[in-house]
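As given, the protein sequences belong to chains S and G, one line each in that order.
Those letters in the first sequence? Residues 0 to 93, by numbering that gives the first Met the number 0.
Those letters in the second sequence? Residues 0 to 476, by numbering that gives the first Met the number 0.
Check before you lean on any hint, since a few could be wrong.
Here are the simulated DSS-like pairs of lysine-lysine, each with C-alpha atoms no more than 30 Å apart in a straight line [claimed, not checked]:
#1 G/K233 <-> G/K255
#2 G/K392 <-> S/K44
#3 G/K370 <-> S/K17
FYI, nobody ran anything at the bench for these hints, they're computed from the structure.
Just so we're clear, the structure is a prediction, and the values are computed from it rather than from any experiment.
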Amino acid sequence: MKIDKELVVKLSDLAQLKLKESEINMFSQQLTEIVSFVEKLKEVKAEEKEEKKLFSLDDISRDDIAINSRDYERELSLESAKCQSGLIQAPKIR
Amino acid sequence: MDLNKLTITKARKLLDSGQISAQDLTRKYLKVIEEKDKEIKACLLVDKKGAIRQAKEADKRLKQGEKTPLLGIPYLAKDILMTKDLKTTAGSKFLEDYTAPYNAFVIEKLNKAGAILLGKTNLDEFAHGSSTENSAFFSTHNPYDLERTPGGSSGGSAAALAADMCLFSLGTDTGGSIRQPASYCNVIGLKPSYGRVSRSGLMAMTSSTDVIGPFSKTARDSALVLKTIAGHDKKDASSLKESVVDYSKDLDKDVKGLKVGVVKEYFQGLNKDIKELIDKKIEILKKQGAEIVPISLKYSKYSVPTYYIITPSEISSNLARFDGVLWGLSDEKIKDLKKYYQNSRSKGFGQETKRRIILGTFSLSAGYADKYYKKAQTVRELIKKDFKTAFDKVDVLIAPTTPHPAFKLGEQINDPLTMYLEDIYLAGASLAGLAALSMPAGFVKKDNKELPVGLQLIAPKLKETTILETANFLENN
Chain S
0 MKIDKELVVK LSDLAQLKLK ESEINMFSQQ LTEIVSFVEK LKEVKAEEKE EKKLFSLDDI
60 SRDDIAINSR DYERELSLES AKCQSGLIQA PKIR
Chain G
0 MDLNKLTITK ARKLLDSGQI SAQDLTRKYL KVIEEKDKEI KACLLVDKKG AIRQAKEADK
60 RLKQGEKTPL LGIPYLAKDI LMTKDLKTTA GSKFLEDYTA PYNAFVIEKL NKAGAILLGK
120 TNLDEFAHGS STENSAFFST HNPYDLERTP GGSSGGSAAA LAADMCLFSL GTDTGGSIRQ
180 PASYCNVIGL KPSYGRVSRS GLMAMTSSTD VIGPFSKTAR DSALVLKTIA GHDKKDASSL
240 KESVVDYSKD LDKDVKGLKV GVVKEYFQGL NKDIKELIDK KIEILKKQGA EIVPISLKYS
300 KYSVPTYYII TPSEISSNLA RFDGVLWGLS DEKIKDLKKY YQNSRSKGFG QETKRRIILG
360 TFSLSAGYAD KYYKKAQTVR ELIKKDFKTA FDKVDVLIAP TTPHPAFKLG EQINDPLTMY
420 LEDIYLAGAS LAGLAALSMP AGFVKKDNKE LPVGLQLIAP KLKETTILET ANFLENN
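Using the sequences and the hints, build the whole thing.
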């Protein structure tokens with residue numbers, strides 16, 4: 000797949016990056032090469048069970064134990080006068 | 000005292016018997032750094048005052064009769080590990096003036112053990128790279144040939160140890176960043192199993208594969224450092240609760256009956272000289288009673304493409320926190336929030352970091368995530384399964400660490416794909432979360448220079464003892 004300049008600009012915008020024209024050209028060419036290389040994975044015909052395993056819990060290293068989390072809303076309402084609906088009003092960025 | 004031959008184990012005896020003090024030892028290493036680092040450029044920061052202060056404290060503890068393995072032992076840490084009140088730059092312009100407010104878990108453990116932090120080592124920015132050339136500050140040079148790279152991303156740590164600037168050093172390995180530089184610098188580099196060592200205080204790159212591990216001169220030294228830094232930490236949700244074993248206890252075991260798998264795919268097309276060196280080691284194991292078993296890892300050829308989808312995806316997510324608001328470089332003149340983020344990130348990040356963020360954003364974006372990210376995660380499961388099947392038959396796998404010895408600085412930097420292929424024998428063990436180690440295999444001739452290369456040992460998760468025992472055996476036979 001070709002990663003053209005337009006796509007590089009779109010992706011960099013999503014990633015909060017502002018690229019120079021020279022970078023856009025360079026990344027377009029390099030990312031096209033890299034993406035062509037990783038497309039080698041298309042050759043792999045994975046069975047459905049491998050895909051399902053991505054969302055299964057049979058390969059975990061520790062028990063999944065639920066614990067009580069803190070009541071942030073209550074804590075925040077006590078600690079901050081500038082708290083509304085669980086949101087804190089912070090100073091403006093200068 | 001020949002620092003080149005000094006190991007932690009030997010230094011321990013000198014310190015415990017009072018033949019040398021921790022302060023003397025520390026001063027010797029600081030002097031080596033002062034002399035050699037002008038050329039090698041392994042260190043980003045040297046904390047002379049702090050090191051002497053820690054050495055004085057270690058001497059007090061030694062006088063009180065304390066005998067712990069790393070008490071008074073000088074070390075260096077990769078500059079991506081947080082060190083309280085010291086700069087922690089991650090090799091990035093973004094964090095050039097950032098001082099860490101707390102110690103990483105491993106640094107804290109080493110402090111308590113009485114090890115002496117001499118300073119911080121150079122790395123590819125945020126550990127993105129295989130040569131240290133992506134450091135925002137300078138490239139590190141290989142002590143065996145100054146024109147060549149020490150490898151990366153933990154190149155500074157490997158080069159510093161190889162140049163006798165410390166007795167051990169810490170690195171991080173996400174897809175080979177400890178093992179590849181260990182191979183290029185003729186030292187031992189241990190990648191512990193995923194979850195064995197807490198990453199609290201490590202700046203995240205690829206959260207599903209990042210691990211912290213030691214560089215050392217012997218397998219015994221690696222065992223001592225690993226025992227000190229391993230263990231559960233509630234601040235890292237992925238750290239394992241399994242108890243830490245004494246990795247050096249049975250280190251002198253022989254290899255009779257050990258089943259050693261030789262991965263056929265890793266030897267196909269391998270540099271003839273490197274293959275010969277590894278074949279010799281396999282022969283030694285065989286002669287001493289190990290059973291050599293041919294193994295096929297049929298998905299191994301997909302490990303690099305899989306890794307280079309998963310890793311940039313996680314990088315793009317992990318580095319989203321660097322927006323110039325909370326820490327690091329910021330463009331305060333800008334009033335518009337989006338422009339503020341963009342300017343801070345664009346000025347702060349280097350090219351490889353930007354490349355990986357954009358690639359990761361692509362792999363995770365709507366319309367492409369199924370085709371790339373989900374596909375890579377599926378193949379990752381097959382790679383894991385490959386290793387599992389192999390370890391049903393054998394105890395340890397033997398393989399090359401790198402396809403060639405250290406390359407010249409500047410040789411690959413403009414070709415990211417070639418650079419990514421440095422991880423060809425390394426990424427698989429990272430994706431599967433296994434224990435792996437690179438140890439010196441010998442020297443090969445290139446451009447009329449004798450250059451070191453490593454061999455890799457891979458064991459199942461939490462079987463660090465197996466690779467350390469095998470490495471110790473090969474060191475001594």
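Hints versus structure:
1. Distance hint between G/K233 and G/K255 is unfulfilled; the C-alpha atoms sit about 39 Å from each other, more than 30 Å.
2. Distance check on the hinted pair: G/K392 and S/K44 sit about 25 Å apart at the alpha-carbon level, within 30 Å; holds.
3. This hinted pair checks out: G/K370 and S/K17 have alpha carbons roughly 26 Å apart, not beyond 30 Å.
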